[in-house]
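Undergrad: Protein chains in written order, with our numbering: chain G, 1 to 242; chain V, 1 to 454; chain H, 1 to 167.
Check the hints yourself; a few may be wrong.
[To be verified] BS3-like, lysine-lysine: derived pairs with alpha carbons at most 27 Å apart: (1) V:374 - G:93; (2) G:24 - V:443; (3) G:222 - V:374.
By construction, these hints were calculated from the structure, which means they are not laboratory data.
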Amino acid sequence: MRVQLFATCLVDTFYPQTGEAMVKLLRHFGVDARTPRGQTCCGKPADSGGYVRESREAARHFLSVFGANGDPIVTPSGSCASMVKNHYPHLFKNDPGLRQKAEDVGSRIFELTQFLVHVCKAHETGFKGKGRITYHASCQLIRELLVREEPVMLLRSMQGVEFVPMPDAERCCGFGGIFMGKQPEISMAMADEKLDSILRTGADTVTGCDHGCLMNIADAVKRRGADVRVTHIAAVLAEGLP
Amino acid sequence: MTPTVAPIDFRSNAAAAVQDSLLRAALRNATDTFAAKRAQAAACVPLEELREAASGIRSEVLGNLSSYLDRFIERASRAGAQVHRAADSAAARETIFSILKQHRVDKVVKAKSMVSEEIHLNDYLIANGIRVVETDLGEYIIQLASEQPSHIIVPAIHKDRRQVGRLFAEKLSCEYSEDPAQLTKVAQQTLRREFLSAAAGISGANFAVAESGSVVLFTNEGNGRMCTTLPRLHIVVLSIEKIIPSLADLPTFIRLLPRSATGQAITSYLSVITGPRKLGDRTGAEELHIVFVDNGRSSIVAGEYRDMLKCIRCGACLNACPVYRTVGGHVYGATYPGPMGIILSVLLEGMAKAHPLLDATTLCGACGEVCPVKVPLPDLLRRLRERRVEEGFTPAIERAGIAAFGRAASLGGLFTLGRSMARVLWPLMEKLIDPQTLGRLPKPAERSFQRRVR
Amino acid sequence: MTRDETIDRFLENVAAVAAETARVRGRAGVDRMIADLIGGDSVVYCPRLTELERSIALPEDRVTDDYTSASVCVEEVFAGIAETGSLVSTSAGGRAVQGGLVPQHHIALIATDRIVETLDHFFSQWGDGPPTNITLETGPSRTADIELTLTIGVHGPGRLSVIAVEE
Chain G
1 MRVQLFATCL
11 VDTFYPQTGE
21 AMVKLLRHFG
31 VDARTPRGQT
41 CCGKPADSGG
51 YVRESREAAR
61 HFLSVFGANG
71 DPIVTPSGSC
81 ASMVKNHYPH
91 LFKNDPGLRQ
101 KAEDVGSRIF
111 ELTQFLVHVC
121 KAHETGFKGK
131 GRITYHASCQ
141 LIRELLVREE
151 PVMLLRSMQG
161 VEFVPMPDAE
171 RCCGFGGIFM
181 GKQPEISMAM
191 ADEKLDSILR
201 TGADTVTGCD
211 HGCLMNIADA
221 VKRRGADVRV
231 THIAAVLAEG
241 LP
Chain V
1 MTPTVAPIDF
11 RSNAAAAVQD
21 SLLRAALRNA
31 TDTFAAKRAQ
41 AAACVPLEEL
51 REAASGIRSE
61 VLGNLSSYLD
71 RFIERASRAG
81 AQVHRAADSA
91 AARETIFSIL
101 KQHRVDKVVK
111 AKSMVSEEIH
121 LNDYLIANGI
131 RVVETDLGEY
141 IIQLASEQPS
151 HIIVPAIHKD
161 RRQVGRLFAE
171 KLSCEYSEDP
181 AQLTKVAQQT
191 LRREFLSAAA
201 GISGANFAVA
211 ESGSVVLFTN
221 EGNGRMCTTL
231 PRLHIVVLSI
241 EKIIPSLADL
251 PTFIRLLPRS
261 ATGQAITSYL
271 SVITGPRKLG
281 DRTGAEELHI
291 VFVDNGRSSI
301 VAGEYRDMLK
311 CIRCGACLNA
321 CPVYRTVGGH
331 VYGATYPGPM
341 GIILSVLLEG
351 MAKAHPLLDA
361 TTLCGACGEV
371 CPVKVPLPDL
381 LRRLRERRVE
391 EGFTPAIERA
401 GIAAFGRAAS
411 LGGLFTLGRS
421 MARVLWPLME
431 KLIDPQTLGR
441 LPKPAERSFQ
451 RRVR
Chain H
1 MTRDETIDRF
11 LENVAAVAAE
21 TARVRGRAGV
31 DRMIADLIGG
41 DSVVYCPRLT
51 ELERSIALPE
61 DRVTDDYTSA
71 SVCVEEVFAG
81 IAETGSLVST
91 SAGGRAVQGG
101 LVPQHHIALI
111 ATDRIVETLD
121 HFFSQWGDGP
131 PTNITLETGP
141 SRTADIELTL
151 TIGVHGPGRL
161 SVIAVEE
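For reference, chain G alone in the conformation it holds in the complex (with noise of 0.2 Å):
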């Protein structure tokens, strides 16, 4: 099986290794993850601040990019998965021939461990690893993508990892897109009280399905000095195949 990678403009500056992760997990279960040149960002920071031209300017690439072929599309990213998914349609809402093509790719996109588990059944697989992991929910794949499951399902098959959910783990971690730089206070406010009920699990790690939340829980950590590992699921599950 073939599938196009869609790393996310935050994967590609910030965070390669978690695409590393992604390409070795997926080739794991037999699968071919090719990586189109030209990617680049969904548009979600345009389209979260209200910026219908510049969000339609990277729609329209990404579509160009990923809609060449009819291969499904994997991201490691919940937010981007749904703005493609779910935000698309809306944005070319006036323009037919687009729309019916973003519904078209949106049909085909996957959020990483949506694919890894209705598509390659990875939680039959038994990862391995160590310690206590945590789990933080982030807002667009739970309620927007609807994937509330998968994550949990995986992170509970790994053998010798005890998973510990998270209080509130649904609660926003005050990441938001541009809101972490409009807000700092509160975003900063936010994140500190999801820290806090990181710290309550007891947990040595701490663990997502989005680098925009996983960047913020990450420096609220080390503004407090905290001893917890911030790391994408990919780099996890991909450190336990068997």
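Guided by the hints, dock chains V and H onto chain G, whose structure is given.
TA: Positioned in the frame of chain G, the structure of chains V and H alone reads:
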């Protein structure tokens, strides 16, 4: 020349609130308690079915609001009520004041009403020599402290028992106590005298029923019943969108409103008032006036934000909002706080004044999940952000940054975003983003993912 | 739901909102129960509008027509709603609905055949002609305005006793 309006300084307000540890603790306690109670109460009913039904009823009314209003006015008048329509806050205040003046009223007892806050009624009446006594305990506390409500259901949510104790000791010359039961008793005794001697009561209404011309009030303390049955004169002030078609629709809202607001299956009291006291009656005011406030709602209902007017003011979106939880209601600098408040404030008070509130959301979507009438809150917030950009209310520096981002994002053929981030966007971001936020971001990787997989 | 199930559900839900409940067969037991409930020094308001209200034996020297000076209100209510455990009073027949609000203790008698299953059963009967005032009373008066700490008894009664009377 149009007068310039100062925008609400949400960020500074919020920055101060974040540092207030007493406030933060009170908010955590309140929002946690409410969320847990709401979830528990919601589990006892077919919630999705009810939300769908309620949303349908509200949409039906808003789609035909003027005919429902006409019917309400006809039926309420037939039942003996005097109905007034006020185009804006000033007209509403003047209407109410003139009724009171006509009756030579010098004191009114008032039950909680958010629309009376919206039209700044109390200040106006007080300035015109009328004593106004708020009788809901939370509102009474706020009035004694000369503050504004910080929550639409629990106005004094930002105060702890010690602050209330000190306030009562100072203003009511009673002994200091921090026992809520004792404080409640003090307020009850003080207010009982006011109820029995007041010539007029002012209340809001949760719903107005078109078919019967009735107004419906949900209360817990009993003050609402006192204000609407003891004084000779009763004035109801409400906004025009509060209509439901008939009493047969009320059960749906009884099942949703208290559950969403406080986690109760029903409030202690629910009153359906139809006209003033009639021949042979021993209940009801001798004269009932109903004042409908428009304040721009007629045009909202005709436009693309109509769904906002489905709102039944339960406060569930405030309790679910992580930003509200962190900063409380005062920082919004408007009558209505929280997610519904951001939207209503922009619509009612204008983009020029309220646009900073559009940054008071992470668009996390938690509000949309709890809304009992399915107002698409996250979607409305996003659309208003789009309108803010169209109307030019975002900072120039942000517009320049996003424009550069748009160019970079659509230039993938020439260089990947990873490289354009490092070469083009990052230096720009370093100039645009404040140092504090920049310090919270990691540095770009030496080699982007796309260069690594090449 | 059978009649008995409806009555049971009603009383369960009344009890769940911090009110006292009792169920009596015939009127014989009502007087004693009320005598026990009102105690020795209460001033009692009873509107005497229904047959049941007129049949209750009350300490005549402590009965008043003025509910604002009473400490107890004894009255028969118009209906009960099992779904929510609500009592309903209406202004019909010259009743002062606020008579059950002002005194500190409300003793409500309800004929079991006046108990309906759901809110829909109750609210579908009025059409465009409800009486001046319909009030649903569910449990005693309460507030949680200070730190969300539940306090019973604010402006309305702090004590609510419900006696379901089966003829």
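Undergrad: Each hint: holds or not?
TA: Hint check results:
1. V:374 - G:93: With a Cα-Cα distance of about 23 Å, the restraint between residue 374 (chain V) and residue 93 (chain G) holds, given a limit of 27 Å.
2. G:24 - V:443: With Cα atoms ~24 Å apart, residue 24 (chain G) and residue 443 (chain V) stay inside 27 Å; holds.
3. G:222 - V:374: 39 Å, violated
Checked against the numbered hints above, the structure breaks only hint 3 and satisfies the rest.
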